[in-house]
Amino acid sequence: MDGDLITMNDLSNEEILSLLDDAERLLPVAHGAEYLPLLQGRLLANMFFEPSTRTRMSFETAMKRLGGDVVNLGDVNTSSAVKGETLYDTMRMVDGYCDMAALRHPRQGAAQYAADACSIPIMNGGDGAGHHPTQTLLDLFTIRQAHGRLEGLKVALVGDLRYGRTVHSLSHALARFDCELLFISPAQLAMPDEIVDDLTGQGAKISMTEDLIGAIPDVDVVYMTRIQKERFPDEDEYAKVAGIYRLCAADLAGVKGDMIIMHPLPRVEEIHPDVDSTRHARYFEQAFNGVVTRMALMCRLLGVSVPGGEV
Amino acid sequence: MDGDLITMNDLSNEEILSLLDDAERLLPVAHGAEYLPLLQGRLLANMFFEPSTRTRMSFETAMKRLGGDVVNLGDVNTSSAVKGETLYDTMRMVDGYCDMAALRHPRQGAAQYAADACSIPIMNGGDGAGHHPTQTLLDLFTIRQAHGRLEGLKVALVGDLRYGRTVHSLSHALARFDCELLFISPAQLAMPDEIVDDLTGQGAKISMTEDLIGAIPDVDVVYMTRIQKERFPDEDEYAKVAGIYRLCAADLAGVKGDMIIMHPLPRVEEIHPDVDSTRHARYFEQAFNGVVTRMALMCRLLGVSVPGGEV
Amino acid sequence: MDGDLITMNDLSNEEILSLLDDAERLLPVAHGAEYLPLLQGRLLANMFFEPSTRTRMSFETAMKRLGGDVVNLGDVNTSSAVKGETLYDTMRMVDGYCDMAALRHPRQGAAQYAADACSIPIMNGGDGAGHHPTQTLLDLFTIRQAHGRLEGLKVALVGDLRYGRTVHSLSHALARFDCELLFISPAQLAMPDEIVDDLTGQGAKISMTEDLIGAIPDVDVVYMTRIQKERFPDEDEYAKVAGIYRLCAADLAGVKGDMIIMHPLPRVEEIHPDVDSTRHARYFEQAFNGVVTRMALMCRLLGVSVPGGEV
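Protein chains in written order, with the numbering used here: chain A, 1 to 311; chain B, 1 to 311; chain C, 1 to 311.
It is worth saying that the hints were derived from the structure and are not from the lab.
Check before you lean on any hint, since a few could be wrong.
As the list makes no split between identical chains, a pair holds if one copy fits it or if it spans any two.
[To be verified] Subject to a maximum C-alpha distance of 27 angstroms in a straight line, what follows is the list of computed BS3-like cross-link-like pairs (lysine-lysine):
(1) Lys154 / Lys256
(2) Lys256 / Lys205
(3) Lys205 / Lys83
Construct all of the structure, not just a fragment, from the sequences and the given hints.
Shown next, in the form of structure tokens:
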């Protein structure tokens, strides 16, 4: 990592594990049980050119838990971007105002472009069909927290594997830790061939199915995703697959005792609320883990040691 | 109060008075004359699913005056609620991020629902036709500040008594302190029968009139409200009562010397600006009192003692 | 300055220079290299009744760099102003909540009106066709930083001199420091006669031309502005002058070595990106200087001494 986090490729496996270690040390701070203002006096620019309640609030919470402060771009519909300002100019402004920036932008490649424009560290908070590495970090943290390790787990990724940026990044990361991947989707939403080829080239063990219920007794992690209507060019195509995967408590009879169910949220109907109270549900912890992993990341990018760890 | 404030029924009379005492002690802090970071390191989630400038800014100011920080939901039109996320899921997320939450929601019952979902303290900042207890607290504080007591005062509530959540809650609270209530409204906007019955059942002394000017010489408090066009099913019905009560300085000739005029704001034309400079006007102090009473409430809910008081 | 900053006329030349001195001392704090919480415990209300990303973020950054905190009005389309609340009432509320306020409003005169309503210091962040004094302060800071002085410089103001509030205020300020002014614009966008008369009456040396390229070899500062489509009553009138001035690196061959190019931003096409890497470009530093000058101003208005300076 050379000062920015744009894709997971910016991090070696050692760096990933070290960040997860820092995140674990910061748990009491993220829970508010301990006050540790490591980033006091530091300013984060929250540059969300596309709305995202959860990710924006998570970056903001992470910075404030560490005693730092945040300046938000605010409503993009009334921002200077509307007056025709380029992303370059806006980011050069922010480069002078703040100590680091989180960026969400609808255009693929925007985060790297911003990083090239700025001297401050840039964290990619999602750039269109591109990357969303802090989501991957929190996913990995959640998995390691539950299973005590990343290596050699069997992980099912379910739902929209075609358009889902989240599952693409996570698949690559899990392959780096020798996980076995099971892709569960209808044919129209299958993992793109080039990604499958790429993963296979890395030596990943991959299998595919359309059958969720038949597959889950065998896996350590079920990663559900939302099938997003807005991705489909045609309403009819969406109607064919909408609601195809719905997990409820009754489906969990034969699963492993330590299997966990994850979801990047928001969920719509993919997971029935009766799953929430099972020991398998981890999606709310997963959302919380976004805070603690972003705390660890911000400390790292600003060169601030987390007590008990090292930079 | 068991950790949340959803309705005024969550508070005993003793708890109300104790909160008002704490609020009084915090006046120099709210005025910025004293820096007392009692809530340093604590995070408030400001979850306004319906806009409310004054209430949102007041919660935010209260938290920041005490050295804490705030994470805002932001524009609800671009929030995850629009993607179909349930209130339950959004609040479970917030439950992991912050130490307490203020909630405003258009749906009656939303605050209780949120409190059931969350382990952190929830403050109801208004739930549709339901409750708005922090408004009632600041109203009581303002009355007690002016008159030195709550007991036995004669209070006129004026305007829209039918739809006005604020006057419903306040009436109940004043009845608990043996105030005499005078309801002043046109027939179409009269206090609902079930509330009158309920108050009478509590032993409250109640009278009603349509005549504002004739009634005010006799009262200790005149509580004006805005007649909101959007409440009326029919434009003609609104036209009949719009502007029916307009108080100006000349109307105040025969009133008691210590009578105070209150208004939850925003006012439109109910109170003429020439009232602002009379000794009776208290609506701007009332707005300020929203900060100090919310400061007291947040300390109480987080178990933090206000110096000079006790938890 | 009697507690507010509404126009540059509120400041004597000595006060301006003293503010710029304070701003210079605060540079390491604005850069985040030094933590100096001079305004800890103080609250700024950011009252932007008209959106302005750069100015709002700059005020917010300035306050937070000094350890203070900020409460934003938020989206004006959902604010209480929409419910018919007057500016007076909104500002009276804010007067009770915060220690100072920055105001941007579409109506000329709004800032003075707010200052009359409030006891807290008001900073005018732009009131329609009126004034925008903090922009002028940051412009002066940028010029003095580059040239070591304000007196006797030759400054070209370019583009929309008719509607541009920024160039009006800056012209007046530069005239007070005996600068020579060169107005470069098409006839339709010339500096209004009454301003020219006023400046001439002050003894200012003024010349005018339509020719940018011919004029710049002789000047110390080129101040470019955006020609804003929305100012024109007629689309055709705009089309005649749109893009009339476009500066690129090749145009800078014969200019003075220490000549600087400024722009209040956002730029659209007035300055080609190839200018950015020349030693003449100062518009990004200029944006940053908005933070440091506002820091100095806020300390002054709140009566807080900047170490190394004096109040």
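Hint check:
1. Lys154 / Lys256: So lysine 154 and lysine 256 pass the 27 angstroms test inside one copy only (11 angstroms; across, 67 angstroms).
2. Lys256 / Lys205: Within one copy, since 20 angstroms is at most 27 angstroms while 65 angstroms is not.
3. Lys205 / Lys83: neither (49 angstroms within a copy, 34 angstroms between copies)
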